[in-house]
Amino acid sequence: MEDLVALCKRRGFIFQSNEIYGGIQGLYDYGPLGVELKNNLKNAWWKSTVYNRDDVEGLDTSILTHPDVLKYSGHQDTFTDPLVDCKSCGLRFREDQIPEQCIGEELTDPREFNLMFETSVGPIVDDSSVAYLRPETAQQIYINFKNVIDSTSRSLPFGIAQIGKSFRNEITPRNFIFRVREFEQMELEFFVTPGEDEEWHKRWVDERVSWWIDQGIPRDKLELLTVTGDDLAHYSKSTVDIMYQFPHGSEELEGIANRTDFDLGSHTKNQKELNINANVMENNDSNTRLAIQNENNEWIVPYVIEPSAGVDRGVLAIINEAYTIEELPDNKKRTVLKLKKHLSPIKAAVIPLKRNNEDLVKLAHDIKTSLQKFQIGRVVVENTGNIGKSYRKHDEIGTPLCMTIDFDSLEKNTLTVRDRDSMEQKSIKIDDVKQFFMNYFSDESE
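Numbers in our numbering are just positions in the sequence shown, counted from 1, shifted up by 605.
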């Protein structure tokens, strides 16, 4: 983990938030390369979940949340962690995360600590102004269920996807960006007919495992864990966690939950007219009912399958898996970030052989501009004049292609292309660069 943290800071992936003032524990900022990697991961999820399917719509909802939303979702009563104080050192910990040096010390009895961030809306601070920073993106999807149905005329099965920030006041944030207080989720709520939920649950577990493999996580590094007992969330009928071997140990990368009709049923106001057990409503007079008509024109409350992944955990897993130190033939080593092409923060670096040579630099910028127009990803000009140093830098940040412009480029209209993983170099015509670039990035499935 120390190596990853050092790489992320040195190369501009991730910084400690508010660092010049000592930092705030559990908060991190994404740097110039980190924001590209993070956006690429989110784009890959959105393409796979929304664009490549015919049964999912997208949503982007507010972060500030009405307290009644979290009351009826169960968060106000259940979204807590057991907190203990160490009487010797004065520090506080989650009951299940007491560090070794405090084991055996005198601790207070555990008490429940609410993880939600509370705030006030408007100029007057009283009970009527209370709101929360959302602890998950799911609830805003549920309360917009009817809006999506009315505006899209969707029928079961279908899903609503959202990527967005969530906030949890973790007692002991830890392990770099794995457990933090402000994080981003990629979340899908997939609505199905009751009775078909278990089949869809299994299908989505398989889908999500395949997606992570496409992002560069080998199948043998992923484990499926069925959550049981007290670890099962209050809303869940069954949950399968996709576990990954992070640097600090095996932990959840993504959870796929069968939330049944818990949330839509809880948010429906006229509960007496709702037959929760049969999932059939007698009528649909109220505009507040979160239900849908089935093929028999009966109003039903769908069951929900929820694949929910943390963007930050995904970034950490992908960097960890891609981070490679290779032995070279000259007894030297190189650090290379073997990211999938579609995730790489920079797709290609165009490198003039001689720094600040007007003709070489102009040609490099012309090539960069021509490639950038394809909008495949970021292309940069690396005007250092040190080819070896430039190669080492771009290996370390995961750039798949380096294109060197030398004086033959001016005379013979050629450049040298170097592949990150194989380190093979070949000369191609500058007139063919655009087609080469397109072909190179079209042969990898996202």
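These are calculated hints, taken from the structure and not from any lab test.
Computed from a prediction, not measured in an experiment: that's the story for all the values here.
Watch out, some of these pointers could steer you wrong.
As a list, the in silico DSBU-like pairs of lysine-lysine whose alpha-carbon atoms are at most 30 Å apart [to be verified]: (1) Lys1031 <-> Lys967; (2) Lys943 <-> Lys826; (3) Lys826 <-> Lys937; (4) Lys994 <-> Lys978; (5) Lys807 <-> Lys842; (6) Lys676 <-> Lys652; (7) Lys946 <-> Lys826; (8) Lys1039 <-> Lys978; (9) Lys994 <-> Lys943; (10) Lys1039 <-> Lys994; (11) Lys770 <-> Lys826; (12) Lys994 <-> Lys1034; (13) Lys807 <-> Lys826; (14) Lys937 <-> Lys1017; (15) Lys842 <-> Lys826; (16) Lys1034 <-> Lys1017; (17) Lys652 <-> Lys692; (18) Lys1017 <-> Lys967; (19) Lys614 <-> Lys1017; (20) Lys842 <-> Lys937; (21) Lys973 <-> Lys959; (22) Lys692 <-> Lys647; (23) Lys807 <-> Lys770; (24) Lys1039 <-> Lys946; (25) Lys937 <-> Lys967.
Between beta-carbon pairs, the in silico distance windows are [what the hints assert, rightly or not]: (26) Phe620 <-> Glu856: 48 to 54 Å; (27) Asp811 <-> Glu1029: 33 to 39 Å; (28) Asn657 <-> Glu828: 25 to 31 Å; (29) Glu705 <-> Asp608: 19 to 25 Å; (30) Lys1039 <-> Arg699: 53 to 59 Å; (31) Ser1027 <-> Thr777: 22 to 28 Å; (32) Glu903 <-> Gly663: 25 to 31 Å; (33) Asp608 <-> Asn961: 22 to 28 Å; (34) Gly663 <-> Leu829: 51 to 57 Å; (35) Tyr656 <-> Leu720: 32 to 38 Å; (36) Asn657 <-> Ile729: 45 to 51 Å.
Positions of the beta carbon are idealized from the N, C-alpha and C atoms, including for glycine.
- Any hints from earlier that this structure breaks? Give me their numbers in increasing order, please. 6, 14, 17, 19, 20, 22, 25, 26, 31, 33, 34
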